[in-house]
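Peer 1: Given next are the chains, with one letter for each unit.
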Amino acid sequence: AQSVAQPEDQVNVAEGNPLTVKCTYSVSGNPYLFWYVQYPNRGLQFLLKYITGDNLVKGSYGFEAEFNKSQTSFHLKKPSALVSDSALYFCAVRDIEGDTPLVFGKGTRLSVIA
Amino acid sequence: DSGVTQTPKHLITATGQRVTLRCSPRSGDLSVYWYQQSLDQGLQFLIQYYNGEERAKGNILERFSAQQFPDLHSELNLSSLELGDSALYFCASSVATGGFYEQYFGPGTRLTVT
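So the protein sequences, as listed, match chains W and V. Going by my numbering, the first sequence opens with residue 611, and the numbers climb by one from there. Going by my numbering, the second sequence opens with residue 391, and the numbers climb by one from there.
It should be emphasised that the hints constitute simulated quantities derived from the structure, not laboratory data. Every residue, glycine too, gets a C-beta built ideally from N, C-alpha and C. Honestly, I wouldn't trust all of these hints.
[Said to hold, decoys possible] Restraint-style ranges between C-beta atoms, simulated for each label pair:
| hint | chain 1 | residue 1 | chain 2 | residue 2 | range |
| --- | --- | --- | --- | --- | --- |
| 1 | V | L420 | W | N678 | 31 to 37 angstroms |
| 2 | W | N678 | V | Q407 | 44 to 50 angstroms |
| 3 | V | K399 | W | S694 | 30 to 36 angstroms |
| 4 | V | G442 | W | S694 | 35 to 41 angstroms |
| 5 | W | E618 | V | T502 | 25 to 31 angstroms |
| 6 | V | S417 | W | I661 | 31 to 37 angstroms |
Could you build the full structure based on these sequences and the hints that come with them?
Peer 2: Take a look at the structure:
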């Protein structure tokens with residue numbers, strides 16, 4: 611079975627500082643990994659995905675994520691946080707084999723303080 | 391704007407009633423997913439349709455049902471509503487099913503059961 615863990619319910623960071631939102635996953639085979647962001651009263655927006663190849667994936671709004679197979683992690687990062695990055699972030703995983711639905715983590719609320 | 395539309399935006403109804411939520415996927419997308427988001431349960435996958443056929447089922451109650459029509463729009467029917475059904479209901483669509491295709495989310499329908 612597939613699963614995703616986002617170990618932090620809340621991450622606080624000062625504006626201009628680097629941010630990291632953590633995600634670890636479990637799949638039986640190899641994963642496809644995704645990050646989504648949800649702003650208040652809005653639907654989830656796709657940020658980036660890992661399919662294969664380079665372990666560092668670049669996405670929208672200056673975000674990037676690093677795939678680490680040995681640690682089964684896919685942490686979301688940004689070099690310099692903005693107040694406007696404050697939102698709820700979801701990590702999701704799907705096994706590359708088969709046709710299973712995307713499994714989402716419980717979300718991490720990011721708060722960037724000016 | 392993701393290209394996925396959902397109606398209505400808000401719905402307030404009483405316990406025991408039945409409601410229908412509607413979703414139109416992005417142009418060209420064949421797969422539609424329904425999710426429920428509540429504060430205590432996070433984002434829960436309900437059901438997936440692909441080109442008119444049910445493809446996968448998640449934590450969907452027997453009181454809930456869905457269908458996808460020939461024009462690819464989808465409806466989620468919720469009956470015998472309970473207070474605990476109050477939540478945000480999201481529809482998402484993707485080009486195909488499974489694989490590395492990201493899902494695009496609609497703005498959601500906020501259901502309040504009183």
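Peer 1: Next, verify each hint and record whether it holds.
Peer 2: Hints, verified against the model:
| no. | hint | result |
| --- | --- | --- |
| 1 | V:L420 with W:N678: 31 to 37 angstroms | 33 angstroms, holds |
| 2 | W:N678 with V:Q407: 44 to 50 angstroms | 48 angstroms, holds |
| 3 | V:K399 with W:S694: 30 to 36 angstroms | 24 angstroms, violated |
| 4 | V:G442 with W:S694: 35 to 41 angstroms | 40 angstroms, holds |
| 5 | W:E618 with V:T502: 25 to 31 angstroms | 30 angstroms, holds |
| 6 | V:S417 with W:I661: 31 to 37 angstroms | 24 angstroms, violated |
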